[in-house]
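Asks: Sequence lines, in order, name chains A and B. Number 55 in the numbering used here belongs to position 55 of the first sequence; there are no gaps in the numbering. Number 571 in the numbering used here belongs to position 171 of the second sequence; there are no gaps in the numbering.
It should be emphasised that the hints constitute simulated quantities derived from the structure, not laboratory data. Warning: the hint list may mix true and false statements.
Unchecked claim - Below are the BS3-like pairs computed for lysine-lysine, each with C-alpha atoms no more than 30 Å apart in a straight line:
1. A:395 / A:373
2. B:412 / A:70
3. B:454 / A:54
As the list claims (entries may be wrong) - Selected chain A positions facing chain B (Cβ under 10 Å, derived; list incomplete):
4. 3
5. 9
6. 41
7. 105
8. 108
9. 109
10. 199
11. 200
12. 279
Virtual Cβ for every residue (Gly too), placed ideally from N, Cα, C.
Number of protein chains: 2
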Amino acid sequence: MPKLNENYLKLKDSYLFAEIAHRTAIYTKEHPDKPLIRLGIGDVTRPLGSSILKALHEGVEEMADTATFKGYGPEQGYTETRDAVAAYYKSKGVDVDSDDIFISDGAKSDTGNVTELFAHNNVILIPDPVYPVYVDSNIMCGNQVTYIKGDAENEFLPMPDERQHADIIYICSPNNPTGACYNKEQLKVWVDYALKNEAVILFDAAYEAFISDPELPGSIYAVEGARRCAIEFCSLSKTAGFTGTRCGYTVVPKELVFTASDGQSMSLHAMWNRRQSTKYNGTSYIVQHAAAQVFSSEGIRECRENLEYYKANARLMADTLSELGIRFFGGVHSPYIWFECPDGMDSWECFDYLLEEIQVVGTPGAGFGENGKNYFRLTSFGTYENTQEAMKRFKRLLGK
Amino acid sequence: MPKLNENYLKLKDSYLFAEIAHRTAIYTKEHPDKPLIRLGIGDVTRPLGSSILKALHEGVEEMADTATFKGYGPEQGYTETRDAVAAYYKSKGVDVDSDDIFISDGAKSDTGNVTELFAHNNVILIPDPVYPVYVDSNIMCGNQVTYIKGDAENEFLPMPDERQHADIIYICSPNNPTGACYNKEQLKVWVDYALKNEAVILFDAAYEAFISDPELPGSIYAVEGARRCAIEFCSLSKTAGFTGTRCGYTVVPKELVFTASDGQSMSLHAMWNRRQSTKYNGTSYIVQHAAAQVFSSEGIRECRENLEYYKANARLMADTLSELGIRFFGGVHSPYIWFECPDGMDSWECFDYLLEEIQVVGTPGAGFGENGKNYFRLTSFGTYENTQEAMKRFKRLLGK
Chain A
1 MPKLNENYLK LKDSYLFAEI AHRTAIYTKE HPDKPLIRLG IGDVTRPLGS
51 SILKALHEGV EEMADTATFK GYGPEQGYTE TRDAVAAYYK SKGVDVDSDD
101 IFISDGAKSD TGNVTELFAH NNVILIPDPV YPVYVDSNIM CGNQVTYIKG
151 DAENEFLPMP DERQHADIIY ICSPNNPTGA CYNKEQLKVW VDYALKNEAV
201 ILFDAAYEAF ISDPELPGSI YAVEGARRCA IEFCSLSKTA GFTGTRCGYT
251 VVPKELVFTA SDGQSMSLHA MWNRRQSTKY NGTSYIVQHA AAQVFSSEGI
301 RECRENLEYY KANARLMADT LSELGIRFFG GVHSPYIWFE CPDGMDSWEC
351 FDYLLEEIQV VGTPGAGFGE NGKNYFRLTS FGTYENTQEA MKRFKRLLGK
Chain B
401 MPKLNENYLK LKDSYLFAEI AHRTAIYTKE HPDKPLIRLG IGDVTRPLGS
451 SILKALHEGV EEMADTATFK GYGPEQGYTE TRDAVAAYYK SKGVDVDSDD
501 IFISDGAKSD TGNVTELFAH NNVILIPDPV YPVYVDSNIM CGNQVTYIKG
551 DAENEFLPMP DERQHADIIY ICSPNNPTGA CYNKEQLKVW VDYALKNEAV
601 ILFDAAYEAF ISDPELPGSI YAVEGARRCA IEFCSLSKTA GFTGTRCGYT
651 VVPKELVFTA SDGQSMSLHA MWNRRQSTKY NGTSYIVQHA AAQVFSSEGI
701 RECRENLEYY KANARLMADT LSELGIRFFG GVHSPYIWFE CPDGMDSWEC
751 FDYLLEEIQV VGTPGAGFGE NGKNYFRLTS FGTYENTQEA MKRFKRLLGK
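Please work from the sequences and hints to get the whole structure.
Replies: Right, here's the structure in full:
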């Protein structure tokens, strides 16, 4: 009989969205006359930009003719797409070699699969609260994780504890779910700490496009020394509305070389290249062709238009919560608003309260870790009209 | 310092295609007047069918409007696509629950990632020669593998050795690279052996669309009992020319339940579902929408047209080798011809010989395992004209 990977037994059931669906279904059944406003899901809703759509159609058309047909592409991604990503970095003032960029179907795959490059006896720091994939993918392969606490005191931006050794450090900035964003000085502290510990930072920049302040780093490589200690994951999901179209990228600098137990050098770049070549067959050409267009000046302009739409929603929510005197994080450089549940409620109580009283559905913070249990996440991906209506109801319910 | 996954040091360099490229580049440089005919790469070349192209365009168009826009889809795949695959199985006389089908970006990802479900102390049988991903993905996670020998004597269709216990068994039929295809009786022996050993068969059916004889099983589920012991991987790469468009699917029957060391039941279906939900974000909607069209009657007709084109190439090669008295396998229910290198050459000698004498590039069998070292793979994915010309040269060179 095959021995199975029993680490799976240690996973908590990922019941968060199932439970939300369950509670809303019951409510809807009992109150069919009261339509819900859903501000819970972290998924985009605006259509793709027209030049990006055109590129998708072009990619399809190339499949119609033997002369332009695309079969297997390079597992690392097409040069066209890698160069476009490198140029995007350049436009943000960051130098990244096109050759260090690996195009993929999304940051979820890459942040999950990167655990394969490491042994199972590392000290792994993971913020709490955070995107659950980091924890789950480590538990699945038998790793122990050490949580680093995000809370109101550190504004959900935990900083290194010099007494704590680390080998691998996960950082998500702007953070999902809290919306908190590290500044350059703070990231520099993390990079220095990583270099001192000879640790690797796994930096998730999936929400970088929401950063409005050019002084805030949209890439860890904006920080001196990061090429020697950091892998960066990014995605077109939020940047370009590709949650259903699927494309991401991961930067693994060639400088990331460590020593094996027998003294041999091992390059993380070479290992990731081998991992992708063996277990991935490249991202759809059609999608990659459009991804290259995303980073053209026209594509960026189109994406920005959608981002501004979401940001206006975020602003509206932030203004409302400020007005109501409710403490919150995010909402400026992030599509997420992370607010403290009022009146000492825990996050599930808050969920039920908002559902029953004003029919607004959000996400209980408990789903993102122990330190989220008194917080609540709203997202700016709804329509402006719905967000406006939801905020009107917030004022009615929570105004003094 | 992070401890890295040192199993990567045990991987052999995957130098096969690099070495082929290197030798052909040298030859081309020295003989610019002698154009090469490439029959080496296992990649399709014919354009997609027109109804499938139309579905791709439709999928793109849905991304243009808020009302039809698709964001995150189910990690398991859209119902439309899963149902289409289930209906395709049905048309082949095989019952597969739509619910047991997981849509992915390709069989390479799934056959690679499936190792995650198992512990590292299983007896794993892998044929030699075979598609290198099975071996490499097991080595990468620290597993030992036991080779089962394919050779001329068993027509490259190894059968179980009842004295050998197994926990996990890889079978690829029609086989890459040998083109050999198990019949139903042979697969039944494997299924019975697996059931007796309580083993899991990992069945790769990526080339099933090349099977011409309806008596030959295009799915392991055509065999009684297979739902209790087998996972099946399949792909649209060869079936529908999706090598660059990217779509595959994996069937994990709910019957596959095993016992953990503490006596708990563990379902491979639930584990794969959890794996995909955690580390995969679903296949591009645009691609999935077209994949559903592939399995419509119109889509199947279009795909068949391309398959017939490749099959005519395979027939031409098979006829030529027969005429020349060269022993070969495959070529009938497979796009691959696997022939014994003439005059006792090893496969790299044969490579150089064909390159220098008749400028035909193929793939040395040594790249697929120890037992391939005196064999050579040709593929039927070239143009008919090139295949014809290559066979004319074979006759000139190897005719008595």
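Asks: Does each hint hold? Answer for all of them.
Replies: Hint by hint, here is what the structure shows:
1. A:395 / A:373: holds, 23 Å
2. B:412 / A:70: holds, 29 Å
3. B:454 / A:54: holds, 15 Å
4. 3: holds, 4 Å
5. 9: Since the shortest Cβ distance to chain B is 6 Å, the answer is holds.
6. 41: holds, 8 Å
7. 105: At about 6 Å, which falls below the 10 Å cut-off, the nearest Cβ of chain B leaves the hint on residue 105 (chain A) intact, so it holds.
8. 108: Residue 108 (chain A) check passes; min Cβ-Cβ to chain B is 4 Å, inside 10 Å.
9. 109: holds, 6 Å
10. 199: With a closest approach of 7 Å, the residue 199 (chain A) hint holds.
11. 200: holds, 5 Å
12. 279: Hint holds; residue 279 (chain A) Cβ to chain B Cβ min 3 Å, cut 10 Å.
When the structure is compared with the earlier hints, no violation turns up for any of them.
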